[in-house]
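Number of protein chains: 4
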Amino acid sequence: MDLKEVIESVENELKILKLGDLNKECDILNDKIMKRTVTRGNIFVYGAGRSGFVGKSFAMRLVQLGFKAYMVGESATPPMKKDDLFIVISGSGKTQIVKDIIEISNRNLVKIVMISAEKVDDEKIYMNIIIGGKSKTSEDKKILPLGSHFEINALIFLDSLIFKLIKAYNLEERVEKITQMYREDRIPVI
Amino acid sequence: MDLKEVIESVENELKILKLGDLNKECDILNDKIMKRTVTRGNIFVYGAGRSGFVGKSFAMRLVQLGFKAYMVGESATPPMKKDDLFIVISGSGKTQIVKDIIEISNRNLVKIVMISAEKVDDEKIYMNIIIGGKSKTSEDKKILPLGSHFEINALIFLDSLIFKLIKAYNLEERVEKITQMYREDRIPVI
Amino acid sequence: MDLKEVIESVENELKILKLGDLNKECDILNDKIMKRTVTRGNIFVYGAGRSGFVGKSFAMRLVQLGFKAYMVGESATPPMKKDDLFIVISGSGKTQIVKDIIEISNRNLVKIVMISAEKVDDEKIYMNIIIGGKSKTSEDKKILPLGSHFEINALIFLDSLIFKLIKAYNLEERVEKITQMYREDRIPVI
Amino acid sequence: MDLKEVIESVENELKILKLGDLNKECDILNDKIMKRTVTRGNIFVYGAGRSGFVGKSFAMRLVQLGFKAYMVGESATPPMKKDDLFIVISGSGKTQIVKDIIEISNRNLVKIVMISAEKVDDEKIYMNIIIGGKSKTSEDKKILPLGSHFEINALIFLDSLIFKLIKAYNLEERVEKITQMYREDRIPVI
Numbered sequence: 333m334d335l336k337e338v339i340e341s342v343e344n345e346l347k348i349l350k351l352g353d354l355n356k357e358c359d360i361l362n363d364k365i366m367k368r369t370v371t372r373g374n375i376f377v378y379g380a381g382r383s384g385f386v387g388k389s390f391a392m393r394l395v396q397l398g399f400k401a402y403m404v405g406e407s408a409t410p411p412m413k414k415d416d417l418f419i420v421i422s423g424s425g426k427t428q429i430v431k432d433i434i435e436i437s438n439r440n441l442v443k444i445v446m447i448s449a450e451k452v453d454d455e456k457i458y459m460n461i462i463i464g465g466k467s468k469t470s471e472d473k474k475i476l477p478l479g480s481h482f483e484i485n486a487l488i489f490l491d492s493l494i495f496k497l498i499k500a501y502n503l504e505e506r507v508e509k510i511t512q513m514y515r516e517d518r519i520p521v522i
Numbered sequence: 333m334d335l336k337e338v339i340e341s342v343e344n345e346l347k348i349l350k351l352g353d354l355n356k357e358c359d360i361l362n363d364k365i366m367k368r369t370v371t372r373g374n375i376f377v378y379g380a381g382r383s384g385f386v387g388k389s390f391a392m393r394l395v396q397l398g399f400k401a402y403m404v405g406e407s408a409t410p411p412m413k414k415d416d417l418f419i420v421i422s423g424s425g426k427t428q429i430v431k432d433i434i435e436i437s438n439r440n441l442v443k444i445v446m447i448s449a450e451k452v453d454d455e456k457i458y459m460n461i462i463i464g465g466k467s468k469t470s471e472d473k474k475i476l477p478l479g480s481h482f483e484i485n486a487l488i489f490l491d492s493l494i495f496k497l498i499k500a501y502n503l504e505e506r507v508e509k510i511t512q513m514y515r516e517d518r519i520p521v522i
Numbered sequence: 333m334d335l336k337e338v339i340e341s342v343e344n345e346l347k348i349l350k351l352g353d354l355n356k357e358c359d360i361l362n363d364k365i366m367k368r369t370v371t372r373g374n375i376f377v378y379g380a381g382r383s384g385f386v387g388k389s390f391a392m393r394l395v396q397l398g399f400k401a402y403m404v405g406e407s408a409t410p411p412m413k414k415d416d417l418f419i420v421i422s423g424s425g426k427t428q429i430v431k432d433i434i435e436i437s438n439r440n441l442v443k444i445v446m447i448s449a450e451k452v453d454d455e456k457i458y459m460n461i462i463i464g465g466k467s468k469t470s471e472d473k474k475i476l477p478l479g480s481h482f483e484i485n486a487l488i489f490l491d492s493l494i495f496k497l498i499k500a501y502n503l504e505e506r507v508e509k510i511t512q513m514y515r516e517d518r519i520p521v522i
Numbered sequence: 333m334d335l336k337e338v339i340e341s342v343e344n345e346l347k348i349l350k351l352g353d354l355n356k357e358c359d360i361l362n363d364k365i366m367k368r369t370v371t372r373g374n375i376f377v378y379g380a381g382r383s384g385f386v387g388k389s390f391a392m393r394l395v396q397l398g399f400k401a402y403m404v405g406e407s408a409t410p411p412m413k414k415d416d417l418f419i420v421i422s423g424s425g426k427t428q429i430v431k432d433i434i435e436i437s438n439r440n441l442v443k444i445v446m447i448s449a450e451k452v453d454d455e456k457i458y459m460n461i462i463i464g465g466k467s468k469t470s471e472d473k474k475i476l477p478l479g480s481h482f483e484i485n486a487l488i489f490l491d492s493l494i495f496k497l498i499k500a501y502n503l504e505e506r507v508e509k510i511t512q513m514y515r516e517d518r519i520p521v522i
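Protein chains in written order, with our numbering: chain A, 333 to 522; chain B, 333 to 522; chain C, 333 to 522; chain D, 333 to 522.
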């Protein structure tokens with residue numbers, strides 16, 4: 333199997349993201365993100381392992397757009413408070429650590445949004461966005477191993493969400509400013 | 333613009349990955365990775381910012397397959413030595429920090445593979461794999477902001493490379509073992 | 333040599349921190365940190381390797397006290413702007429990466445405070461606090477290898493600074509609140 | 333209270349490390365670390381938050397000395413296997429996430445060494461080294477807030493352990509080699 337066929341299998345998994353329902357949920361989540369700028373609420377992001385790297389990529393873009401976003405587990409993440417938004421990225425939503433992070437965060441009465449491969453049943457979750465792919469532990473047979481299809485779907489979904497956020501709230505100028513800073517090598521990214 | 337159209341723009345950028353040349357380069361890189369198991373060489377990975385999160389996702393899969401792979405900048409990364417393989421992920425390949433890391437690593441006579449959006453001219457680079465998308469600082473107009481298209485292409489290219497590595501060297505049993513460990517929640521991933 | 337003697341050698345290196353000059357510099361730095369709450373400036377922290385782990389420990393405490401502090405290199409770190417405070421922890425202050433981070437940050441006209449083992453000559457540095465120990469590359473013979481004495485001195489100096497910050501600006505209530513959150517296991521620290 | 337008095341309070345907490353019992357436990361742990369080079373076992377390190385930064389500082393030194401050490405939570409950490417050594421750094425040893433990590437790791441039959449401020453009762457723990465200071469959630473009144481005294485004690489204890497490891501197994505040449513690499517700026521530390 334050559335590279336072309338593998339990429340096609342990735343595209344096949346992306347089909348779910350093109351459905352109208354996800355478009356609507358994306359807008360709803362963007363609305364919740366935007367609302368925190370009014371309520372002075374923070375946005376927290378968490379994922380374990382590779383889902384966490386996707387989460388960090390997402391948090392970075394939110395911060396670049398000027399939002400107060402933080403990654404759970406980083407040194408400079410403040411405590412959570414009531415009505416903050418907490419976006420969890422997890423294929424199955426069911427591993428012990430993910431369940432405990434949700435439990436601990438929920439004690440602060442944050443609003444928990446779960447982005448997962450399949451439906452996650454947990455009354456602590458306020459909104460569950462299902463983006464397909466495949467969780468690490470699913471019996472489903474897919475081309476890529478472990479949770480790769482989910483992680484790719486998550487990165488593309490969240491980057492698309494960022495695009496829609498920019499358009500919906502006219503953040504183009506802010507993007508241009510950051511782009512300019514990168515061109516002048518003024519952001520100490522390591 | 334709804335989610336569907338954004339995903340299509342992502343797919344449009346993925347076209348370059350389906351070309352025969354990249355398939356060949358992917359096989360060559362896999363061969364170099366595999367060779368390190370014979371020479372007892374290490375594989376190092378580096379990227380700055382979001383390219384770094386893609387790099388960590390890649391390093392994680394290599395380690396799960398049993399390779400001696402390490403991420404530059406993590407606490408448990410050993411010193412480099414002659415003929416180790418060093419895979420750098422960078423849209424432009426030109427920011428100051430990326431150039432420094434290449435300079436410093438090159439003093440150890442490692443073989444440097446650069447995965448970038450555009451061609452990178454640097455005689456220290458042993459192999460340059462161009463995967464398109466768009467670097468953060470390019471003037472190119474693309475749908476997603478900054479280097480997102482490059483980062484998505486990089487994640488998908490490297491995950492596809494992992495798939496081909498599994499097939500070419502019959503690592504299915506190893507994948508099955510790791511999957512089983514995840515199912516039994518025996519991997520302390522945070 | 334038993335543990336007792338090694339600890340005594342550590343204490344011997346700590347003597348420099350007890351001198352009156354450092355006490356004064358500590359107060360000056362605390363004043364600069366506090367001032368950012370008025371000017372709405374951010375505090376950035378950076379260190380490479382083990383100095384970076386000390387830096388993260390420091391940034392975590394600043395955030396817990398309610399300051400807007402960020403670690404360079406983490407996903408959720410915003411861009412720097414004029415008059416922000418940038419605290420760099422580096423034994424020698426002279427490695428290529430540290431010099432480049434200073435160069436890049438300086439383009440944003442931030443105020444750079446360097447905490448180092450020895451004096452660092454660099455006109456980009458606004459304030460240099462010398463805390464002894466020993467840099468990784470110094471010829472000095474000390475008991476602990478590499479830069480360990482510097483890193484220990486840095487952690488203790490910065491934790492003492494935090495103590496003095498709490499006292500000088502009456503932040504005890506805030507500390508009590510965070511302690512209580514830890515007791516109730518409400519902070520998702522991983 | 334000036335800096336001098338704060339440093340003295342830190343030194344006061346260090347007294348426990350000078351006792352003969354800890355010297356003996358330090359030698360026993362070093363023996364276990366060394367033994368893994370014979371059994372081809374890995375050494376895993378974990379801590380949450382600031383204890384984690386101490387853990388990373390420790391893992392980095394172990395790797396520099398040539399040991400196969402890994403930090404739980406980093407991208408390039410391999411799966412655990414029977415009889416690997418797992419060193420956990422935690423003031424109280426009792427937060428939900430720390431208990432989870434121990435539970436999950438224990439399923440792999442690793443030997444768990446807990447380094448804590450107070451005694452931790454858990455039959456999954458193979459060896460408990462008590463180094464004083466104060467856990468974040470303890471009612472004890474100490475000068476520094478939260479778990480700072482424990483974290484400082486942990487860093488100094490583990491750095492002293494590294495010193496004794498070098499002496500006991502004649503690793504001076506290895507230290508000299510790494511020092512030389514730092515002098516030549518050949519280690520890409522960020």
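Read the hints as simulated data drawn from the structure, not as lab findings.
Careful: at least some of the hints might be erroneous.
Pairs involving identical chains hold if they fit within one copy or between any two copies, as the list cannot separate such chains.
To be verified - DSS-like cross-link-like pairs, simulated, lysine-lysine; straight-line CA separation at most 30 Å:
1. Lys347 with Lys413
2. Lys451 with Lys473
3. Lys336 with Lys414
4. Lys414 with Lys350
5. Lys499 with Lys431
6. Lys413 with Lys350
7. Lys367 with Lys350
8. Lys473 with Lys443
9. Lys336 with Lys509
10. Lys364 with Lys347
11. Lys443 with Lys474
12. Lys367 with Lys413
13. Lys414 with Lys509
14. Lys414 with Lys347
15. Lys414 with Lys400
16. Lys336 with Lys413
17. Lys451 with Lys509
18. Lys367 with Lys474
19. Lys474 with Lys400
20. Lys499 with Lys356
21. Lys336 with Lys350
22. Lys474 with Lys364
23. Lys426 with Lys347
24. Lys400 with Lys336
All values derive from a computational prediction rather than experimental measurement.
Now the hints, each set against the structure:
For a Cα distance limit of 30 Å, the shortest separation of Lys347 from Lys413 qualifies neither inside one copy, at 36 Å, nor across copies, at 39 Å. In this homomeric assembly, Lys451 and Lys473 come within 30 Å of each other (Cα to Cα) only inside a single copy, at 18 Å, whereas the closest approach across copies is 37 Å. For the homomeric pair Lys336 and Lys414, neither the shortest alpha-carbon distance inside one copy (48 Å) nor that between copies (34 Å) is at most 30 Å. Proximity of Lys414 to Lys350 under the C-alpha cut-off of 30 Å is found in neither arrangement, the shortest distances being 33 Å within a copy and 43 Å between copies.
In the homo-oligomer, the alpha carbons of Lys499 and Lys431 never lie at most 30 Å apart, since the shortest distance is 34 Å inside one protomer and 34 Å across protomers. Proximity of Lys413 to Lys350 under the C-alpha cut-off of 30 Å is found in neither arrangement, the shortest distances being 34 Å within a copy and 39 Å between copies. For the identical chains of this complex, Lys367 and Lys350 are intra-copy neighbours only, at 25 Å inside a copy versus 41 Å across copies, given an alpha-carbon limit of 30 Å. Neither within a single protomer nor between protomers do Lys473 and Lys443 lie at most 30 Å apart by alpha-carbon distance, with minima of 33 Å and 35 Å respectively.
Proximity of Lys336 to Lys509 under the C-alpha cut-off of 30 Å is restricted to the inter-copy arrangement: shortest distance 27 Å between copies versus 37 Å within a copy. For a Cα distance limit of 30 Å, the shortest separation of Lys364 from Lys347 inside one copy, 25 Å, qualifies, whereas the shortest one across copies, 34 Å, does not. Taking the closest pair of Cα atoms, Lys443 and Lys474 never come within 30 Å of each other, the shortest separation being 32 Å inside a single copy and 33 Å across copies. For the homomeric pair Lys367 and Lys413, the shortest alpha-carbon distances inside one copy (15 Å) and between copies (25 Å) are both at most 30 Å.
When the C-alpha separation of Lys414 and Lys509 is checked against a cutoff of 30 Å, the pair qualifies only between copies, where the shortest distance is 15 Å, while the shortest distance within a copy is 32 Å. For the homomeric pair Lys414 and Lys347, neither the shortest alpha-carbon distance inside one copy (36 Å) nor that between copies (42 Å) is at most 30 Å. In the homo-oligomer, the alpha carbons of Lys414 and Lys400 lie at most 30 Å apart both inside one protomer (15 Å) and across protomers (19 Å), since each shortest distance falls under that limit. For the homomeric pair Lys336 and Lys413, neither the shortest alpha-carbon distance inside one copy (47 Å) nor that between copies (35 Å) is at most 30 Å.
Taking the shortest Cα distances, Lys451 and Lys509 sit within 30 Å of each other only across copies (26 Å), while inside one copy they are farther apart (39 Å). With identical chains, the CA atoms of Lys367 and Lys474 are at most 30 Å apart between copies only, with a shortest distance of 28 Å across copies and 38 Å within one. Taking identical chains as interchangeable, the C-alpha atoms of Lys474 and Lys400 lie at most 30 Å apart only when they sit on different chains, with a minimum of 26 Å there against 37 Å within one chain. Taking the closest pair of Cα atoms, Lys499 and Lys356 come within 30 Å of each other only inside a single copy of the chain (15 Å); across copies the shortest separation is 39 Å, beyond that limit.
In this assembly of identical chains, Lys336 and Lys350 lie within 30 Å of each other by CA distance both inside one copy and across copies; the values are 21 Å within and 4 Å between. Within a single copy, Lys474 and Lys364 get their C-alpha atoms only as close as 33 Å, which misses the 30 Å cut-off; across copies the closest is 27 Å, which meets it. Within a single copy, Lys426 and Lys347 get their C-alpha atoms as close as 24 Å, which meets the 30 Å cut-off; across copies the closest is 35 Å, which misses it. In this homomeric assembly, Lys400 and Lys336 come within 30 Å of each other (Cα to Cα) only across copies, at 28 Å, whereas the closest approach inside a single copy is 40 Å.
The structure is inconsistent with the numbered hints 1, 3, 4, 5, 6, 8, 11, 14, 16, although it conforms to all the rest.
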